[in-house]
Amino acid sequence: MAFTPLHGTRAPVRVWTDPYAIEPQAARQLRNIGALPWVEGVAVMPDVHFGKGATVGSVIAMRQAVSPAAVGVDIGCGMSAVRTSLTVADLPDDLAGLRSAIEAAIPVGFAKHDDPVDPRRVRGLEQRGWADFWARFATLDERVAPLEGRARQQLGTLGGGNHFIEVCIESGGPDAGRVWLMLHSGSRNIGKELAERHMGVARRLPHNAGLPDRDLAVFLAGTPEMAAYRRDLWWAQEYARRNRAVMLALLCGVVRDAVGHVGFDEPISCHHNYVAEETYDGVDVLVTRKGAIRAGAGDLGIIPGSMGTGSYIVRGRGNPDAYCSASHGAGRRMSRGQAKRTYSTADLAAQTAGVECRKDAGVVDEIPAAYKDITQVMAQQEDLVEVVAHLRQVVCVKG
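Residue numbering for the sequence shown follows the working numbering, beginning at 130 and increasing consecutively.
None of these hints come from the bench; they were simulated from the model. From a predicted model like this one, the values you see are computed outputs, not experimental measurements. Just so you know, even glycine gets a beta-carbon here, dropped at the ideal spot from N, CA and C. Mixed in with the good hints, there may be bad ones.
[What the hints assert, rightly or not] Distance ranges between label pairs, derived from CB positions:
no.: 1; residue 1: Ala150; residue 2: His242; range: 38 to 44 Å
no.: 2; residue 1: Pro335; residue 2: Ala131; range: 37 to 43 Å
no.: 3; residue 1: Ala508; residue 2: Pro335; range: 44 to 50 Å
no.: 4; residue 1: Thr268; residue 2: Val388; range: 22 to 28 Å
no.: 5; residue 1: Leu224; residue 2: Thr133; range: 39 to 45 Å
no.: 6; residue 1: Val412; residue 2: Ala225; range: 49 to 55 Å
no.: 7; residue 1: Pro153; residue 2: Ala264; range: 46 to 52 Å
no.: 8; residue 1: Ala234; residue 2: Gln467; range: 30 to 36 Å
no.: 9; residue 1: Gly306; residue 2: Tyr149; range: 38 to 44 Å
no.: 10; residue 1: Ala478; residue 2: Glu325; range: 35 to 41 Å
[Unchecked claim] No farther apart than 20 Å at their CA atoms in a straight line, the calculated lysine to any residue pairs in the SDA-like style are these:
no.: 11; residue 1: Lys241; residue 2: Gly278
no.: 12; residue 1: Lys181; residue 2: Arg465
no.: 13; residue 1: Lys469; residue 2: Gly491
no.: 14; residue 1: Lys488; residue 2: Phe239
no.: 15; residue 1: Lys321; residue 2: Gly290
no.: 16; residue 1: Lys321; residue 2: Ala405
With these hints in hand, go ahead and build the complete structure from the sequences.
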């Protein structure tokens, strides 16, 4: 579908879904964002829903400014996936055992590695840049200095909430039956701590007085506050990328141990909570994607559904109206609390039939029905991405 403009805003706000279907809270947020003097434009993805400060599923282009809330607290959160040489027939009969092996190799929830992962001991992991990466920890906001040990132990861990690890099967096409490995995670606690500290600094700056929403506070180019935020932001985005790389390498090792010889294609990786420096119509802007992926022409990306509805590998069409972006997933249609009040563990078991996964009360808030229809979300962004592969999960590990 083509975009629909959201009327009554200073900057253009382009919407890739029915504007009348957007929840009122999220619509108010989008109008508040579009009113900010630094905003060049906003692209609203079909998985849009209410978030803290800035809407989840929003792509915001600003001149000489950036809002930490438009990135979110899980800086660099995103997806990684790799296609294997395996087919579904190569998988072990005991998928419960495979899930247990994944959970043993990759800590989930609040758990962390007993000892920091040594990249030199992880087969298939990129070896360059680790010493420099950790050396830069000393340059971060001094208030996170006590967290270095925890950050090192959490590197290569999943976390909780909507983060997941999956073994998937490609559906349809010439490669039907091929096995993919996929995961979703971000910058763990250290990204959250950095984000919240900078959000607090931004709210206290004089130029942010009188904003329609104090959580939309921005940093301005050329200021020490902006420089400090961007320094910590770039590091946290790299932490998230390396976190997913470690987990993917560990996951490949688990599969290798389970089935013997296996080959892996080049991995696909994409952030969906981050900042990038980009240029549109000759204007240099800072683009924040909060719950959105970059979908430049030819860019490969990952758009997951929920733990029972499958996912998509996509190729970007480079649509400049959307700042070369696409949705990051299906998007929630109800809050976690509402999902827990509405659905039972029996509902969860029914909606995840055929998937080896947790089916207990601790993950009812992740039930597929709590999310929007991923097929409809994909149909609404056909001018943003083309589908390369449709995947269905057979194993899903949740935190």
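Please list, smallest to largest, the hint numbers that this structure does not respect.
Failing hint: just 4.
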